[in-house]
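Participant: Based on the sequences and whatever the hints tell you, model everything.
Here is how the chains run, residue by residue.
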Amino acid sequence: MPLWDWSYAFSILPDLLLALVTTIEITVLGSVVALLLGLVIAVLRRARIPVLDQVLWAFVELVRSTPLLVQVFFLFFALPRFGIELSAFVIGVLALGVHYATYTSEVYRAGIDAVPQGQWEAATALSLPRSRVWTGVVLPQAIPRVLPALGNYVISMFKEVPLLLAIGVVEVVNEARELGSETFRYVEPYTIAGVLFLLLSYPASLLVRRLERRRVSA
Amino acid sequence: MENLPRILSVLGDGLPETVIATLGGIVLTIVLSFGAGLLLLSPWRVVRGVTRVYVEGFRGTSEVVQLFWIYFVLPVLVGYQLVPLVAGIAVLGLNHGAYGAEIVRGAIRSVPRAQYEGAIALSLSPAQRMRRVILPQALVEMLPPLNNLFIQLLKSSSILALITVPEVTRQAREVLIPNFGDDTFLIFGVVFVVYLLLAAVITAIMRWIERWAARRLGRRPVRQRKVLEEVAV
Numbered sequence: 001m002p003l004w005d006w007s008y009a010f011s012i013l014p015d016l017l018l019a020l021v022t023t024i025e026i027t028v029l030g031s032v033v034a035l036l037l038g039l040v041i042a043v044l045r046r047a048r049i050p051v052l053d054q055v056l057w058a059f060v061e062l063v064r065s066t067p068l069l070v071q072v073f074f075l076f077f078a079l080p081r082f083g084i085e086l087s088a089f090v091i092g093v094l095a096l097g098v099h100y101a102t103y104t105s106e107v108y109r110a111g112i113d114a115v116p117q118g119q120w121e122a123a124t125a126l127s128l129p130r131s132r133v134w135t136g137v138v139l140p141q142a143i144p145r146v147l148p149a150l151g152n153y154v155i156s157m158f159k160e161v162p163l164l165l166a167i168g169v170v171e172v173v174n175e176a177r178e179l180g181s182e183t184f185r186y187v188e189p190y191t192i193a194g195v196l197f198l199l200l201s202y203p204a205s206l207l208v209r210r211l212e213r214r215r216v217s218a
Numbered sequence: 219m220e221n222l223p224r225i226l227s228v229l230g231d232g233l234p235e236t237v238i239a240t241l242g243g244i245v246l247t248i249v250l251s252f253g254a255g256l257l258l259l260s261p262w263r264v265v266r267g268v269t270r271v272y273v274e275g276f277r278g279t280s281e282v283v284q285l286f287w288i289y290f291v292l293p294v295l296v297g298y299q300l301v302p303l304v305a306g307i308a309v310l311g312l313n314h315g316a317y318g319a320e321i322v323r324g325a326i327r328s329v330p331r332a333q334y335e336g337a338i339a340l341s342l343s344p345a346q347r348m349r350r351v352i353l354p355q356a357l358v359e360m361l362p363p364l365n366n367l368f369i370q371l372l373k374s375s376s377i378l379a380l381i382t383v384p385e386v387t388r389q390a391r392e393v394l395i396p397n398f399g400d401d402t403f404l405i406f407g408v409v410f411v412v413y414l415l416l417a418a419v420i421t422a423i424m425r426w427i428e429r430w431a432a433r434r435l436g437r438r439p440v441r442q443r444k445v446l447e448e449v450a451v
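Keeping their order, the protein sequence lines are chains A and B. This note's numbering puts the first sequence at residues 1 to 218. This note's numbering puts the second sequence at residues 219 to 451.
Certain hints may be false.
If you anchor each label on the Cβ, the simulated ranges turn out as follows [claimed, not checked]:
hint, chain 1, residue 1, chain 2, residue 2, range
1, A, L207, B, R349, 34 to 42 angstroms
2, B, P223, A, D5, 50 to 58 angstroms
3, A, L36, B, V419, 31 to 39 angstroms
4, B, G407, A, G83, 15 to 23 angstroms
5, B, G399, A, L206, 30 to 38 angstroms
6, A, R132, B, V271, 47 to 55 angstroms
7, A, E178, B, R270, 28 to 36 angstroms
8, A, L206, B, P396, 39 to 47 angstroms
What the simulated footprint calls covered on chain A by chain B, stretch by stretch (three residues with Cβ under 8 angstroms from a Cβ of chain B suffice, anywhere in the stretch; the number is not a length) [what the hints assert, rightly or not]:
hint, stretch
9, 70-82
10, 183-196
11, 200-207
No lab work stands behind these hints: they were computed from the structure. Glycine residues also receive a C-beta, built at the ideal position from the N, C-alpha and C atoms.
Facilitator: Written as structure tokens, this is what we have:
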């Protein structure tokens, strides 16, 4: 039997591509959670509300410093104890989203800190309401600056989706495992899975790098 | 709460595996980071190209895929099966070494050009130039991002649970959850604390090395949070 069987490789490709769509869905939904929740955390922390500020700090540090896989298991086993029954897919989106929100909140914070003090003072001098200061002055300057960093986190989230096979989500690697267990041929499924990741994440990272350079030269 | 001692002892059994995997991974990461980082600066195009393939290959694919590939596919190709822990250390090192190579390359490139010129003017050989002048200065730059990388590696060591390495995460999932299902919160609480403590140990050691490296240059250690550069993707 050859080490690499092209006809087998082509026969499993459609199933793997279908699973890749699931992986992308989870990445997109997880990114929405991460980008929005991270922004909320960053803005709330900027307000320095006593107690809430310490709670948010502790939460961010805890989530950032412990493994995503443990957090996935935690949500998977702990949520049902509150009577919350969610599918593995939704738990995956939540776990990835919240985990990466702690990263993005730090990125947003750096972007917000980089907005010159004078911009805040000018906004105050114009007596803009608090919400307008954020949406009209600070964030439009802070967010473009950090887009490359946020993009990098989306790519890295994409590569962490396979962790969810541990709770039974059928993404690319899990699909590869199931296909392999039917025929006892693992070379083709896992190799194709790896190539699929490379084909998507490498061009994406080149794109982010270009964005980075454009911002530096601009 | 009455199960706490048994929970601690089961997780304690997994602790050496987590520590060995992390330490082994860190050692391999350091070797590969410096090796590949220097090769990325090689004057020969072919050498740079081959190193780029390694770096982008490991940065562009999922760590889980790399783990399964080395554990399940490689034995079919070479006819030799790695012990799970060794396969895990190899993947942790290869994967994080690819990120570390970029850190090393960037730190060396950030050393001011005048330092090279000064070393040439003193007629130091290329090896002396690198070892005595460039690397000590680059080291100070690369330590804070390497600290982040090592903590990422510690967290990644949990995926070894997927190839049956009985480390902390697997002990929690396979031994504790089925047996002490009522103590879900306690179990995960302890697991979180274990990883937080290990991360704190890594950071403490790295801070100490940072101070040592800065003192060697006659500088005071400066530590600013460079969040945008932390992003290791």
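Participant: Against each hint, give a clear statement of whether it holds in the structure.
Facilitator: Structure-based check of all given hints:
no.: 1; hint: A:L207 to B:R349: 34 to 42 angstroms; verdict: 38 angstroms, holds
no.: 2; hint: B:P223 to A:D5: 50 to 58 angstroms; verdict: 53 angstroms, holds
no.: 3; hint: A:L36 to B:V419: 31 to 39 angstroms; verdict: 34 angstroms, holds
no.: 4; hint: B:G407 to A:G83: 15 to 23 angstroms; verdict: 20 angstroms, holds
no.: 5; hint: B:G399 to A:L206: 30 to 38 angstroms; verdict: 47 angstroms, violated
no.: 6; hint: A:R132 to B:V271: 47 to 55 angstroms; verdict: 50 angstroms, holds
no.: 7; hint: A:E178 to B:R270: 28 to 36 angstroms; verdict: 34 angstroms, holds
no.: 8; hint: A:L206 to B:P396: 39 to 47 angstroms; verdict: 45 angstroms, holds
no.: 9; hint: 70-82; verdict: holds (count 6)
no.: 10; hint: 183-196; verdict: holds (count 6)
no.: 11; hint: 200-207; verdict: holds (count 3)
Going down the numbered hints, you'll see the structure goes against just number 5.
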